[in-house]
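Trainee: What follows is the residue order along each chain.
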Amino acid sequence: MADNKTPDPSQQFQEWVSQWERSFDEFSNRLMGTEEFSKSMNQMQTMQMEFQRQFGELMARQLATFNMPSRDDVVALGEDIRNLDRRIAQIERALGTLLHNESDAITRKPGPARTRKPPGAGKDTAEDNKS
Amino acid sequence: MSEQAQMISQMRDLMDKTLQRSMKGFEYIRSSATQVGLTPKELIYHDGTLKLYHYYPVEDEVYRIPVMIVMATTNKGYLFGLRPGQSIVEYLLNNGFDVYMVDWDPPTMAEKNLALADYTHRFLPDCVNEVQKHSGIEDINILAYCMGGVLSLIYAATHQDGPLRNLVCLTTPINQHEMGLFHLWSSEMDVDTLVDAMGVIPAEFIASSFEMLRPAQKTAGRLRLWDQMWNDDFVKSYQAFNRWGDETLPLAGQYFKDSTNELMLGNKLFKGNLMVNGDKVNLKNVTVPIMAVMAEHDHIATYGATKPLLDLVGSEDKRELVLKGGHVSLIAGPNAARRMWPAVNEWLGERSV
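Protein chains in written order, with this note's numbering: chain Z, 23 to 153; chain U, 122 to 474.
Please keep in mind that the hints were generated in silico from the structure rather than gathered at the bench. Warning: the hint list may mix true and false statements.
As the list claims (entries may be wrong) - Straight-line alpha carbon distances no greater than 30 Å define the calculated BS3-like cross-link-like pairs of lysine-lysine that follow:
| # | chain 1 | residue 1 | chain 2 | residue 2 |
| --- | --- | --- | --- | --- |
| 1 | U | Lys428 | U | Lys197 |
| 2 | U | Lys254 | Z | Lys139 |
| 3 | U | Lys378 | Z | Lys61 |
| 4 | Z | Lys139 | U | Lys439 |
To be verified - Using C-beta positions, here's what the derived DEER-type ranges look like:
| # | chain 1 | residue 1 | chain 2 | residue 2 | range |
| --- | --- | --- | --- | --- | --- |
| 5 | Z | Glu58 | U | Tyr149 | 40 to 48 Å |
| 6 | U | Pro455 | Z | Ser32 | 17 to 25 Å |
| 7 | Z | Gln84 | U | Ile165 | 42 to 50 Å |
| 8 | U | His418 | Z | Ile113 | 48 to 56 Å |
| 9 | Z | Glu114 | U | Thr340 | 44 to 52 Å |
| 10 | Z | Glu58 | U | Ser123 | 58 to 66 Å |
| 11 | U | His418 | Z | Glu58 | 26 to 34 Å |
| 12 | U | Gln281 | Z | Asp30 | 30 to 38 Å |
| 13 | Z | Asp95 | U | Glu441 | 46 to 54 Å |
Remember, predicted model here, so these are calculated numbers, not experimental data. Glycine included, C-beta positions come from ideal geometry on N, C-alpha and C.
Can you build the whole structure from these sequences, using the hints too?
Mentor: This is how it looks when you write it as structure tokens:
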């Protein structure tokens, strides 16, 4: 039939993309799936980490010279703030319990009834069970 | 239709799409960040990297037992509520569930020492308590994704007297020696040096590991986007998925070390010799009704890695659902909407009264 003979360029393009993606991924995975690749990747990562560590130490020394806080100082400050935040949350919870959740009762609307029952059981399971 | 008439019609269609592609291409370039995760919710608890949300129920009558979604630690939870019509959260709310979500923020350097035990023996029990208090209901259901599933299984196996009533594990890797390249790369990785140097494992490191599994995916995605630029729905969906993929989260160093050494290399969850917080994690101790959903073409939590779950748990009430599709499309792809969401709705609904 004539309908089947005329190609759809968009569909052809989609198929080509899918095919290219599949073959490129397969090729790459074969390449990356070797122990040699994993070892080199790990070596590069270790070198990068070591460089980053040494650079960080150097920067911290420079910042100390200029009497400026280092990243570690800022992180420590952040930890203090977070601890304070956690303590405030604990106090809020304790207060809420003491007040019998009074504030909640005022602000929160009563929730929906928890009485829902499932609709007629086993209606659309047949297709799923084929999986 | 004659062959000639069909060719003319196709040419017209091609020109129309080319024109729309050009016009909408400009719109796409000019457009701001896609709005995602818009389902109305409130934050009811947070503890550093952890956030617990409650989605506002939309039905007047809901199931008795609330459901708590546990997101994977590597990504943001809005995958479950990507955009209207492409959201399992919206679907569950419309079908009468009371939905909570455990979501994650990027851990800060101050949280670099968070261990696997902090997630399974502090964060999850705390969230369960908060859901109990907020809902006023003792029992709870958990629906967990990927590593969220692993955390939930460890929680379930070590808190047997807890309030968990039903567990749904979506593409949860159990036999992690079956995780292909991830396993190979991990075996060559110097995890201790990496964690000591970085403290928190950067998001770029996690994202690039995912991308290396499918190196052509991004380029192919862009080519498909160009071809489908005339299709508004496709473009919106692409933008939402793309944004989600770009927002991969960093991981706390100690947690990364525990996951790599104990789960990936030691494969201890699968072997049954995992110790967390002094508790032995035996999946046979998971006895609640359980549903395992896995994707046939999952390149991250492979089918081989997810398959053994139901054989290892002690539950009598078990349900397996294997779907075509990949790791992400399982949650928010077209097949998810057609098959996964209704199946979860039905399975969980029957057990949530």
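Trainee: Check each numbered hint against the structure and report the violated ones by number, ascending.
Mentor: 12
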